[in-house]
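S.K.: In terms of the UniProt record's numbering, the sequence shown opens at residue 1 and continues consecutively.
What the hints contain is simulated information worked out from the structure, not anything from laboratory work. C-beta: ideal position from N, C-alpha, C; glycine also. Don't take each hint at face value.
Cβ pair distances, simulated, as ranges [claimed, not checked]: (1) T162 to R123: 16 to 24 Å; (2) K151 to K178: 47 to 55 Å; (3) Y186 to Y21: 35 to 43 Å; (4) R16 to N154: 48 to 56 Å; (5) I107 to Y72: 17 to 25 Å; (6) E79 to E114: 35 to 43 Å; (7) P116 to N154: 18 to 26 Å; (8) S51 to K199: 38 to 46 Å; (9) I198 to S51: 40 to 48 Å; (10) M115 to K151: 37 to 45 Å; (11) H13 to K164: 14 to 22 Å; (12) K178 to H31: 28 to 36 Å; (13) T18 to K151: 18 to 26 Å; (14) P132 to H49: 28 to 36 Å.
For lysine-lysine, the following DSBU-like pairs were computed, each having C-alpha atoms within a straight-line distance of at most 30 Å [to be verified]: (15) K151 to K42; (16) K67 to K164; (17) K119 to K102; (18) K67 to K102; (19) K135 to K46.
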Amino acid sequence: MFMGFIDGDGYIHVGRTTKGYMRMKLVMNLHMRDYSTLEYFKEVLKMGHTSIYHSKGEKYARYMISKTDLQYILMPLLEHHGLFFMTKNRAQQYNKMLYILKNNMKIYSEMPTEMPLTKTLPRTTEDYLNLPFFKNWLVGFTMADGSFLMKSINKDACYQLTQKTDRPLFESMALLLKSTKKIYLYDKHYCMLTLSSIKDVQEVINFFTLMVIITY
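Throw the hints in and build the complete structure from the sequences for me.
M.R.: This is the structure in structure tokens:
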């Protein structure tokens with residue numbers, strides 16, 4: 001669940017301190033109504049801290065994991081269980097973090113512009129579907145980037161996922177939910193999966209009846 005949520009609504013930041021050293025953190029920013037979700041992750045993982053901030057008149061919650069916790073707790077935990085991020089952006093961010101930590105790099109200016117991949121992403125729908133954590137990943141990804149809604153025109157119930165273009169991943173999510181619905185590409189950089197037929201919606205209900213969603 002955690003991996004899918006970060007893939008959808010988190011990021012791994014690698015930056016520079018005022019003295020030129022590496023700065024690293026994993027961050028999630030959510031609306032205040034989802035504060036309990038961030039607290040849940042903190043309590044389960046036993047790391048990081050939550051905070052509250054205001055932006056443009058709205059109240060938001062933030063969950064942040066420090067470099068120390070990333071290096072000595074989260075990274076070994078993910079490697080031990082064979083877990084990895086599956087969206088391209090998050091996978092690239094995690095790969096950068098791994099390279100820096102495994103090579104004990106401390107000075108920001110020493111970071112190369114290109115880094116070898118430490119983990120390749122699945123290439124086919126079969127590769128994705130064979131991942132033992134794929135179902136739990138989809139739950140977290142749905143919590144972050146999914147919607148359960150009513151269409152404005154015909155009021156049909158609908159399940160929808162949107163993210164930057166990654167057709168094999170989206171096709172795998174559709175197959176996991178036992179749907180043959182084609183993936184819609186829009187704005188050149190985004191994929192959308194929309195399931196609204198009676199059969200597809202029932203399969204979505206069947207899937208999530210066995211799983212737990214904890215966001216708003």
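S.K.: Going back to the hint list, which numbers does this structure go against?
M.R.: 2, 6, 7, 13, 15
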